[in-house]
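Novice: Each chain, letter by letter, is given below.
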Amino acid sequence: MDHAEPATKSEPARRRLMQFLLGGGLLASAVAFLYPVLRYLVPPAATDLGGDSVVAAKVGDLKANSGKIFRFGSRPGLLVRTADGEYRAMSAVCTHLNCTVQYRGDVREVWCACHNGFYDLNGRNVAGPPPRPLESYAVHINGDDVVVSRRRGA
Amino acid sequence: MASVPEAAPPTATHSNRLVRWLDERFGWEQLVAPLRHKTVPVHKLSYWYFLGGMTLFLFMIQVLTGILLLLYYRPSANEAFESVQYIMTQVQFGWLVRSIHSWSANLMIFTAFAHMFSVLFLRAYTKPRELTWLTGMVLLFLALGFGFSGYLLPWNTLAFFATKVGTEITGQVPLIGKPLLIFLRGGEEVTGATLTRFFGFHVALLPGITTLLIATHILLIQRLGMSVPPGQEAAWKGLPPNQREMPFFPNFFAHELMAWYVALGVLGALAALYPWELGSKADPFVAAPAGIRPEWYFMFMFQTLKLIPAKVGPIDGELLGIMGFGLAGLVWVLLPFLGGDRYGRRQVFIRGLGVFALAYMVSMTVYGYMVAAK
Amino acid sequence: MRSKRTRLIGNWLLAIGFWPKAKSQELFLVLAAACLLLPAGLFAQAQPQIAKSSCVECHSGFPEPTGVTEAQWAADIHAQKGLTCAGCHGGDPSEPSPEGAMSKKAGFRGKPKRTEIPAMCAKCHADGAYMRQYNPSLRTDQFAQYQTSVHGKRLAHGDTKVAVCIDCHGVHGIRPSREPRSTVNPLNVANTCSRCHSDAAYMKDYKIKTDQFAGYSASVHHEAMVVRGDLSAPTCTTCHGNHGAAPPGVASVENVCSTCHAFQAQLFDISPHKAAFAAMGTGSCITCHSNHRIVHPTDAMVGTGNEAVCANCHATGDPGFVAAGQIHDDLTRLDESLKRSDEVLDKAERSGMEVSQARIDEAQGRDSLIKARVTVHSFQPAKVEQDTQAGMKIADKTYKAGLQALAERDYRRKGLGLTLITIVAVLIGLWMYIRQIESRNESGGS
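Protein chains in written order, with our numbering: chain B, 1 to 154; chain L, 1001 to 1374; chain X, 2001 to 2446.
Be careful, since some hints might not be right.
Cross-link-like lysine-lysine pairs, in silico, DSS-like; alpha carbons within 27 Å at most [stated by the list, open to error]: (1) X:Lys2393 - B:Lys63; (2) X:Lys2339 - X:Lys2400; (3) B:Lys58 - X:Lys2393; (4) X:Lys2105 - X:Lys2123; (5) B:Lys68 - X:Lys2397; (6) X:Lys2400 - B:Lys68; (7) X:Lys2105 - B:Lys58; (8) X:Lys2383 - X:Lys2347; (9) B:Lys68 - X:Lys2347; (10) X:Lys2393 - X:Lys2347; (11) X:Lys2339 - X:Lys2397; (12) X:Lys2383 - B:Lys68; (13) X:Lys2123 - B:Lys68; (14) X:Lys2371 - B:Lys63; (15) X:Lys2393 - X:Lys2383.
Hints in this document: simulated from the structure, not taken from any laboratory.
The task is simple: from the sequences and hints, build the whole structure.
Specialist: Spelled out as structure tokens, the structure:
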């Protein structure tokens, strides 16, 4: 025998406990580490990142001469379909006191209900307290999607 | 009964057949034999030997979590921030992978520094281990490079401006500064091109070089064995011969595995209780926010540069600081060659230098954070 | 024979002196002068040319009230356009002597009488053809407007205490209103008006209060202008007019307020209060909001509580009283709902959870509350409830999102706990294993 007699009668029991803890622990911890990794590998349902380029609506969602609020980054944006059927998009955060603006089909302008501010369809502030225009965004149609993106360059 | 191999782990009986299969095809036993005989000196300061392995372990964690992040991350200025946000909010356990990656990066740099200082103070860099020290120092710089390049990738405001300031300082180096700045930034300014470039550095260039250097570093350690610190030599030699060394497998490795599991626990706790924040998306046209600072491992240099007056005599203050740190880095890399004999008088001076450097780095880091907190 | 040194010094003296003794030295002097004067000349071109006048030369040395310093006059827009003292006072500014400059022959008028000042200014400022030379887009109806104002009417009856042009615009350092230091810049208008209108002693003979400036200074309009820097915020002249300054009159108060607060006015017009207030003869908006001390309205203003203005007219039990209570409850319910959701989201965020989508929705919810507070002016609980319901739905959604985030946080912590248990199991197992192999080592055996 290479090793001395077990010091106490519980030596084999201790050995078994050690094997159980070590083996079981290694297995359990491996599961605890692998489970999140495996779940991680499965792609989530929503694939849109919602960054500088966003699908604001589907073609046909908006009637002519109407508007819709959509999420752009962390702020709301306004998508307008003019009476001629053209799409315009701009920031929906009023430059006066940050209320959310809306499109008014009756005057065909963008209006802020808080203090009666008006913007034209290019986002320029034309009446009321707003001191600056609304940042305008680029819109293009990609198949069935109306895609709004930040304007590049100057 | 035949002697049970001491080094065999408890579950060896199940893998004996596998080992024989591998041996018949790879010469497995021949490969593994040196590892079976690898030993580690036993003395009061043996625990310091853990730091190298811990750094390696954390690096492996970084590679694993990094690869996972690569599955969802998008390295363009338009999408980088959103992709990290996506990972944090939409991907199952994405928050865990990303937070572990960020925390482990910091822990790894910490252990790398600790490993370097422990090697310094335990005098394990002297002949014949000069190359180990050299490769180790380069690995340390690579780790800092990993930290710097990785920090920009989430493309948030703090990272953007920290990168701007960091590369700006690099541009101050005489002669090569400007070309180096343009090389790093992929242009004159920090833009999406910088992001793509840093991504390339972070996931391809640096890992490639690091892998080669780690292999070299470990090979050298295998060939040269572990050194016993001069202070412990007497006590160590006093031990009976069969107690001087501990088998690497399974004894030392079992200890090391404990340390690695503790590290896993710490990382998990940090990720779950203090998830890494997203920040706000970088906007190059917004003014720099107050309180930009680099990550903690650059803080001591940053704070030093802030304290140097604008002009020291005829020389620009910042330039002096950069040259100073460059010189200090060079001296540090060349320490084995400058220190002379392992037991010589110059080693005491180096120990003093090491204490000063450590104290300086720690106090400057603390000071930097105190000033930033105001 | 002069020594070499003396000759050198002499030449230097000649070079910097005023008497060139050689053609080359003359050329040097001319060039030097040109180099020195050229930049000065360019600089002078950039500044407006203030015509030299003997008036300012003398009067800059006098104390108040006849003193006018060079600096004061140079800041005046009239001086910058090339006009002189003679434009208002007559006389001849090119004459160096007082008798010549201020002679009756030269048309010297001296200090004009207060009652003559508006007409005097109008001689130029009401002349469209004349003003076109200087600024074609400047209005020229100030005098006509002034004559319709309280100040103008009283001045016509001989009251010299009222404001004339120079009281508001200044007299010798008149700046255009767009300059921040002008006394009639929107930021400074209230201060200018208050110079008389807050002076109780000065206003003793008039039957009007002097608390307007104090009230305005505490108002939300003042805060918008001065603290937030919003120059579109109203100041005295916005509601009262500047040259035709007069209180709008009870019947016109709503018109004045509705130029900005259009939505509230529209709702008010179709509400029962319009007829009621008209019958009472109280100015519509100011009955509840006051005219000058317009503070930030709170939900406590509407309802049946201590701070509510409704109770000023409505008695317990009457339909208006009941409606007020309902409206108040609606608003506070939505406000509290939003606060509750905000708290939960804060908690989730502090624990490191990402709740940006919920935050955006929250902003929409707050918009609903703002809208509801505007709809209050319809004084119909049903309409207010429409808006608050929309907000309540959103607040509910964001609250649930916050709870979900907290649940996710707890799930993560449970997961962490379980994982830590397995890690501890491994650690104990390893420790026991180490003990066993080390004891085997110690107890002998190779």
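Novice: Each hint: holds or not?
Specialist: Now the hints, each set against the structure:
no., hint, result
1, X:Lys2393 - B:Lys63, "26 Å, holds"
2, X:Lys2339 - X:Lys2400, "13 Å, holds"
3, B:Lys58 - X:Lys2393, "25 Å, holds"
4, X:Lys2105 - X:Lys2123, "21 Å, holds"
5, B:Lys68 - X:Lys2397, "20 Å, holds"
6, X:Lys2400 - B:Lys68, "25 Å, holds"
7, X:Lys2105 - B:Lys58, "84 Å, violated"
8, X:Lys2383 - X:Lys2347, "34 Å, violated"
9, B:Lys68 - X:Lys2347, "32 Å, violated"
10, X:Lys2393 - X:Lys2347, "21 Å, holds"
11, X:Lys2339 - X:Lys2397, "13 Å, holds"
12, X:Lys2383 - B:Lys68, "23 Å, holds"
13, X:Lys2123 - B:Lys68, "56 Å, violated"
14, X:Lys2371 - B:Lys63, "25 Å, holds"
15, X:Lys2393 - X:Lys2383, "16 Å, holds"
Checked against the numbered hints given earlier, this structure breaks hints 7, 8, 9, 13; the rest are met.
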